[in-house]
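Undergrad: Sequence:
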Amino acid sequence: MNQPLLYVREILAGHTESKFGKEIYSKLTNSGHDTEEYFVRSLSGEEMYYLNSILAEAIDYANQEKDDERSRQLNAVYELLTI
Numbered sequence: 004m005n006q007p008l009l010y011v012r013e014i015l016a017g018h019t020e021s022k023f024g025k026e027i028y029s030k031l032t033n034s035g036h037d038t039e040e041y042f043v044r045s046l047s048g049e050e051m052y053y054l055n056s057i058l059a060e061a062i063d064y065a066n067q068e069k070d071d072e073r074s075r076q077l078n079a080v081y082e083l084l085t086i
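Add 3 to the 1-based position in the sequence shown for this note's numbering, that's all there is to it.
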């Protein structure tokens with residue numbers, strides 16, 4: 004699993020109380036996705052919407068903390084969700 008997906012997995016670990024968070028986390032940890040694009044393509048529309056909102060918050064937080072690398076890595080996944 005590449006670094007952007009590791010960051011997404013870390014974020015999703017805190018959102019497994021919701022149906023979509025749990026489903027996305029399961030897909031990410033059990034399917035062995037190699038790239039962000041492959042992972043995003045495996046998501047349903049509802050899962051993409053849910054992940055989009057979570058990533059937007061996580062990117063904002065990374066920017067506030069001046070964690071440019073994390074922000075850039077998360078943004079790589081976020082951009083695929085908004086295409």
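Just so you know, these hints were derived from the structure itself, not from any lab.
Check before you lean on any hint, since a few could be wrong.
As the list claims (entries may be wrong) - Restraint ranges, calculated between C-beta atoms of paired labels, are given here:
{"id": "1", "residue 1": "Lys69", "residue 2": "Ser47", "range": "30 to 36 Å"}
{"id": "2", "residue 1": "Ser29", "residue 2": "Asp71", "range": "15 to 21 Å"}
{"id": "3", "residue 1": "Gly48", "residue 2": "Asn78", "range": "17 to 23 Å"}
Stated by the list, open to error - Distance condition first, Cα-Cα at most 16 Å in a straight line; then the derived EDC-like pairs of lysine to aspartate or glutamate:
{"id": "4", "residue 1": "Lys22", "residue 2": "Glu50"}
{"id": "5", "residue 1": "Lys25", "residue 2": "Glu49"}
{"id": "6", "residue 1": "Lys69", "residue 2": "Glu49"}
{"id": "7", "residue 1": "Lys30", "residue 2": "Glu40"}
{"id": "8", "residue 1": "Lys30", "residue 2": "Glu50"}
{"id": "9", "residue 1": "Lys22", "residue 2": "Glu49"}
{"id": "10", "residue 1": "Lys30", "residue 2": "Glu49"}
{"id": "11", "residue 1": "Lys25", "residue 2": "Asp63"}
{"id": "12", "residue 1": "Lys25", "residue 2": "Glu13"}
Even glycine gets a Cβ: it sits at the ideal position worked out from N, Cα and C.
Undergrad: Does each hint fit the structure? Answer for all of them.
TA: Outcome of the hint check:
At roughly 34 Å, the beta-carbon separation of Lys69 and Ser47 lies within the given 30 to 36 Å, and the hint holds. Roughly 30 Å separates the CB atoms of Ser29 and Asp71, a value that falls outside the hinted 15 to 21 Å. For the hinted restraint 17 to 23 Å between Gly48 and Asn78, the CB-CB distance of approximately 21 Å keeps it satisfied. Restraint check for Lys22 and Glu50: satisfied, since their Cα atoms lie roughly 9 Å apart, inside the 16 Å limit.
Straight-line distance between C-alpha atoms of Lys25 and Glu49 comes to about 13 Å, which keeps the hinted pair within the 16 Å bound. With a C-alpha separation of about 30 Å, the suggested pair Lys69 and Glu49 falls outside the 16 Å cut-off, and the hint is violated. Of the pairs offered as hints, the one joining Lys30 and Glu40 holds, with about 14 Å between alpha carbons and a cut-off of 16 Å not exceeded. Simply put, Lys30 and Glu50 have alpha-carbon atoms about 11 Å apart, close enough for the 16 Å limit, and the pair holds.
A C-alpha spacing of about 11 Å is found between Lys22 and Glu49, which places the hinted pair at or below 16 Å, so the restraint holds. Of the supplied pair hints, the one linking Lys30 and Glu49 holds, its CA atoms being roughly 14 Å apart against a limit of 16 Å. Restraint check for Lys25 and Asp63: not satisfied, since their Cα atoms lie roughly 22 Å apart, outside the 16 Å limit. For the hint linking Lys25 to Glu13, the alpha-carbon distance of about 12 Å falls within 16 Å, and the restraint holds.
When each numbered hint is compared with the structure, violations occur for hints 2, 6 and 11.
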